[in-house]
Amino acid sequence: MPIKTHIKQASGWLYFKSPRGRAELRGAGVILMLHRVLADDASAALPHRNELCVGPRAFEGLLRWLQRHFDCVSLMDLLESHQAPRGDARPKVALTFDDGWRDNAVNAFPLLQRHQVPASIFLSTDYIGSRQRFWWESVGETLWGSHGEDARRLLIERLRKLGRPLPAAYFMHDHSKARSLVLARYLQTLKSLSPQALHLLTDTCPPESLPQAMDWQQVRTLEDSGLVRFGPHGASHALLPHLDDHRLNEELQRSHAALGAGCRAPLPVYCYPNGDHDARVRARVAAHRYPYALSTRPGICQGQDDPLALPRIGVSQRNASRPSLLAWRISRGARG
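In terms of the UniProt record's numbering, the sequence shown opens at residue 1 and continues consecutively.
Hints in this document: simulated from the structure, not taken from any laboratory.
Being a predicted model, the structure only gives us computed values, none of them experimental.
Take the hints with a grain of salt, since some may be wrong.
Computed beta-carbon distance windows for the label pairs [unchecked claim]: (1) L187 x Q132: 17 to 23 Å; (2) D276 x E157: 26 to 32 Å; (3) R220 x K4: 41 to 47 Å; (4) Q217 x R114: 20 to 26 Å; (5) L227 x D150: 24 to 30 Å.
Every residue, glycine too, gets a C-beta built ideally from N, C-alpha and C.
With the sequences and hints as input, model every part of the structure.
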């Protein structure tokens, strides 16, 4: 393990034990941002999956660690107490999941039930109950070889024709972790492609045996448990600042209508796809009667935050499996 990681772990551990750390967190709120819980930890640990994925062993260990150090509460409990923070209270933590992946229902929910930890899931509503696919999953796993060599070669050729050839390092590394790291960096560069180009790439990838997103029956089952509530994460997962006024309003309305039809009590909280927002987007979200919205800016809720740009701390396989690294991220957020 790199010395830098050891230093971060030690710093995170000391922060939670120190009077200063306890004082900074007392009465504060921490919103955690997750995406997926895979079926095994080794798969989640690969660099091209690590940022968005957590394995079940790491996730369960994280839940136990959170219960030792925080009051694990619903997002609305945290946000409502955030309006009138109590300086003498234990810090609160709320779990949020972005996108609405099927594995949230299959792998995450049983562990949330076992430990009785509430969570909020923000749905990209066009994907729910459909075979529509998230481009980064389809492209990433096809390039990783999860769907066979023929599919991988076809996608590599399509990327070359788009002017986005894979770097030479992708072909040079035999070690899985090194090649996965190259792939992770390459996938980040594809975010600048147009939605049309990304759809083209996704259509080049073979279909999976199961939908990537959960269906509406799973949504209702999780909601009926009383542990999980749902909110909007866009309809198509389009990046909202890039849309004109008409398309922005249509995106907000479509996700709102889908949640209203599919859930009994949708959250009055909007979650920006990719965390992207600007003053125009925030104004339109407020006009659609959302008093709160979540960004991806790292930080903890301390009372002075814009309620339409609330910070969150990202959870990955790396810091879920080593909670002292998550403690370090929280300490940075408290001081940021």
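Against the structure, the hints:
Between L187 and Q132 the beta carbon distance is about 19 Å. The supplied range of 17 to 23 Å therefore holds. For D276 and E157, the hinted distance range of 26 to 32 Å is satisfied, since their beta carbons lie about 31 Å from each other. With their beta carbons about 45 Å apart, R220 and K4 fall inside the hinted range of 41 to 47 Å. Roughly 22 Å separates the CB atoms of Q217 and R114, a value that falls within the hinted 20 to 26 Å.
Separation of L227 from D150 is about 43 Å and departs from the stated range, judged on CB atoms against 24 to 30 Å.
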